[in-house]
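Enquirer: Sequence:
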Amino acid sequence: MSERSIRFGSFELRPERGQLLSGGVRVGLGSRALAILVLLAERAGEVVAVQEITDRVWPNIFVQENNLRVHITAIRRTLRAGAEDDI
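The numbering of the sequence shown is numbering that gives the first Met the number 0, which starts it at 0 and goes up by one.
Careful: at least some of the hints might be erroneous.
[What the hints assert, rightly or not] What follows is a set of in silico ranges between Cβ atoms, one per label pair, in the way DEER data are often shown: (1) 63 to 22: 28 to 38 angstroms; (2) 55 to 16: 13 to 23 angstroms; (3) 61 to 24: 28 to 38 angstroms; (4) 48 to 24: 27 to 37 angstroms; (5) 71 to 6: 19 to 29 angstroms; (6) 22 to 64: 30 to 40 angstroms; (7) 43 to 68: 14 to 24 angstroms; (8) 5 to 29: 16 to 26 angstroms.
None of these hints come from the bench; they were simulated from the model. Just so it is clear, CB atoms sit at the ideal spot from N, CA and C, and this is done for glycine as well.
All chains, please: the whole structure from these sequences, using the hints.
Expert: Quick look at the structure:
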C-alpha cells in the first residue's frame, strides 16, 4: 500500500510519517504545527474554523487561541523559508 502525500509548491507533506519535505530534504516543524498543516492541506481551498483546528490538534484540552497563532506563524515562517530556497 502506498503512502499518502500532499504536494504543494516545492513541499511534500507525508502525514503518516509526520514529515514535511522541501526538495526531498526533511524540514523541521513541531508536531502540533505539523498536525495543523496536515489539516489545512487536507482541506485546501476551504475555510477551517479555529474550533475545528483546536479540537483536532488539542483534543479534550482547552487551548488559548494565541497558542494556535504561534503555531500558524511557525508554519508560515517555515513555508516562506522553503519557498525562498527555490529562488
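Enquirer: Work down the list of hints and note, for each, if the structure agrees.
Expert: These are the hints, each one checked on the structure:
1. 63 to 22: 28 to 38 angstroms: Taking Cβ atoms as reference, residue 63 and residue 22 lie about 35 angstroms apart, which means the hint holds.
2. 55 to 16: 13 to 23 angstroms: Holds, since residue 55 and residue 16 (Cβ atoms, about 18 angstroms apart) stay within the stated range.
3. 61 to 24: 28 to 38 angstroms: The hint (28 to 38 angstroms, Cβ to Cβ) holds, given that residue 61 and residue 24 are roughly 36 angstroms apart.
4. 48 to 24: 27 to 37 angstroms: Given range 27 to 37 angstroms: holds, Cβ gap about 33 angstroms.
5. 71 to 6: 19 to 29 angstroms: holds (21 angstroms)
6. 22 to 64: 30 to 40 angstroms: holds (33 angstroms)
7. 43 to 68: 14 to 24 angstroms: Once the Cβ atoms are compared, 20 angstroms apart, the range 14 to 24 angstroms for residue 68 and residue 43 holds.
8. 5 to 29: 16 to 26 angstroms: Roughly 18 angstroms apart at Cβ, these two residues keep to the hinted range, so it holds.
The structure fails none of the hints (numbered hints given earlier).
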